[in-house]
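**Student:** From just these sequences and the hints, can you work out the full model?
Those protein sequence lines, which keep their order, are chains A and B. The opening position of the first sequence corresponds to residue 126 in the numbering used here, with each subsequent residue numbered one higher. The opening position of the second sequence corresponds to residue 126 in the numbering used here, with each subsequent residue numbered one higher.
Careful: at least some of the hints might be erroneous.
Pairs count within a copy or across copies, as identical chains cannot be separated in the list.
[Unchecked claim] Below, simulated DSS-like cross-link-like pairs (lysine-lysine); rule was C-alpha separation at most 30 Å, straight line: (1) Lys253 / Lys223; (2) Lys223 / Lys293; (3) Lys293 / Lys253; (4) Lys223 / Lys198; (5) Lys198 / Lys253.
Rather than coming from a laboratory, the hints here were simulated on the basis of the structure.
2 protein chains.
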Amino acid sequence: MDMPTVDRMDRNAFVAAFGAIFEHSPWVAERAYAARPFGDVDRLHAAMTAAVQASSRAEQLALLRAHPDLAGKEAQDGTLTEASVGEQASAGLDRLTKAEVARIAEANAAYRARHGFPFIIAVRHYTKEGILHEFARRLANDTEVELRADLEQVFAITRIRLDRLIEKPATNADGPAASRNV
Amino acid sequence: MDMPTVDRMDRNAFVAAFGAIFEHSPWVAERAYAARPFGDVDRLHAAMTAAVQASSRAEQLALLRAHPDLAGKEAQDGTLTEASVGEQASAGLDRLTKAEVARIAEANAAYRARHGFPFIIAVRHYTKEGILHEFARRLANDTEVELRADLEQVFAITRIRLDRLIEKPATNADGPAASRNV
Numbered sequence: 126m127d128m129p130t131v132d133r134m135d136r137n138a139f140v141a142a143f144g145a146i147f148e149h150s151p152w153v154a155e156r157a158y159a160a161r162p163f164g165d166v167d168r169l170h171a172a173m174t175a176a177v178q179a180s181s182r183a184e185q186l187a188l189l190r191a192h193p194d195l196a197g198k199e200a201q202d203g204t205l206t207e208a209s210v211g212e213q214a215s216a217g218l219d220r221l222t223k224a225e226v227a228r229i230a231e232a233n234a235a236y237r238a239r240h241g242f243p244f245i246i247a248v249r250h251y252t253k254e255g256i257l258h259e260f261a262r263r264l265a266n267d268t269e270v271e272l273r274a275d276l277e278q279v280f281a282i283t284r285i286r287l288d289r290l291i292e293k294p295a296t297n298a299d300g301p302a303a304s305r306n307v
Numbered sequence: 126m127d128m129p130t131v132d133r134m135d136r137n138a139f140v141a142a143f144g145a146i147f148e149h150s151p152w153v154a155e156r157a158y159a160a161r162p163f164g165d166v167d168r169l170h171a172a173m174t175a176a177v178q179a180s181s182r183a184e185q186l187a188l189l190r191a192h193p194d195l196a197g198k199e200a201q202d203g204t205l206t207e208a209s210v211g212e213q214a215s216a217g218l219d220r221l222t223k224a225e226v227a228r229i230a231e232a233n234a235a236y237r238a239r240h241g242f243p244f245i246i247a248v249r250h251y252t253k254e255g256i257l258h259e260f261a262r263r264l265a266n267d268t269e270v271e272l273r274a275d276l277e278q279v280f281a282i283t284r285i286r287l288d289r290l291i292e293k294p295a296t297n298a299d300g301p302a303a304s305r306n307v
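**Tutor:** In structure tokens, the structure reads:
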């Protein structure tokens, strides 16, 4: 799908296409729709993050709480959303030792107990070692710092999801990337 | 090398073994030596980070400035330290397209111009996409925030270097990790 197509969508089509970008939270796409036409992915994503920033604290908490635990029960039960499955697999979170699963489950529980919402991280940005490091570092933060950090990670995740969904306009600026194994 | 061996080292042997943990900055090992015996890697690393935290701002800036640019001139000239070569390769920074090299060079220059020290990141904790994301995010921060963020990344890098240098004591807690491909 390209941006001209997105900008021609009516509200129902737009929410059908983008309602799942923010995990289990189609209200973000519903509110962002008013800001169209977007023109490019930057502005589409900015409209979505602005809708979240303008939402109430209760809505922000609900958004965070709509996310699954990292390598948690939903991952083991096979009830993750399609996007989450690919994301958790990208960092190797689908092939952990039992000791690693136990360590992450303990960290998830400790984080939720302290902050009241799940630990969220853009796993496509981190290695497994980096995720474990961030768990330890962020667990110790104040909850207000973590509310912002968790939302920032949601914004990073949703930007990646949009970039994978929407075709980039043709450009020569990226050079012969298609011929390189990067 | 194991921790009992480390704790038996005289000052010269200790600095020879650990002088390169903080990039081109053996003074960190020299000052940490006074805190021995350490007993474990946690306390060895804590003594080193405490030496940096207690150092002057000029020394902290010199430490940061002793680090190479990410995917920069030293990487291309083959004059990185041995540790840096492996680290930069781990995130795929040794196999970038020309466009990516140019984009990172521009980001390095912008970061140095704004903050006065190089952008440092524990590349073993991030994917290439994550590193580019962090570049954009951190470039916009205040310099005081970034001085702390850069030092935190140095502490993460040096912890990883210590963990790779020092044998872990035998334990059953990690389970049969050796038989798993993680």
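**Student:** Each hint needs a verdict: does it hold in this structure or not?
**Tutor:** Outcome of the hint check:
Taking the shortest alpha-carbon separations for Lys253 and Lys223, both the intra-copy value of 15 Å and the inter-copy value of 28 Å come in at or below 30 Å. In the homo-oligomer, the alpha carbons of Lys223 and Lys293 lie at most 30 Å apart only across protomers (19 Å), although the nearest pairing inside one protomer, at 40 Å, exceeds that limit. In this assembly of identical chains, the alpha carbons of Lys293 and Lys253 lie at most 30 Å apart whether taken from the same copy (29 Å) or from different copies (19 Å). For the identical chains of this complex, Lys223 and Lys198 are intra-copy neighbours only, at 14 Å inside a copy versus 43 Å across copies, given an alpha-carbon limit of 30 Å.
Proximity of Lys198 and Lys253 under a CA criterion of 30 Å is satisfied in both settings, with 18 Å inside one chain copy and 29 Å between copies.
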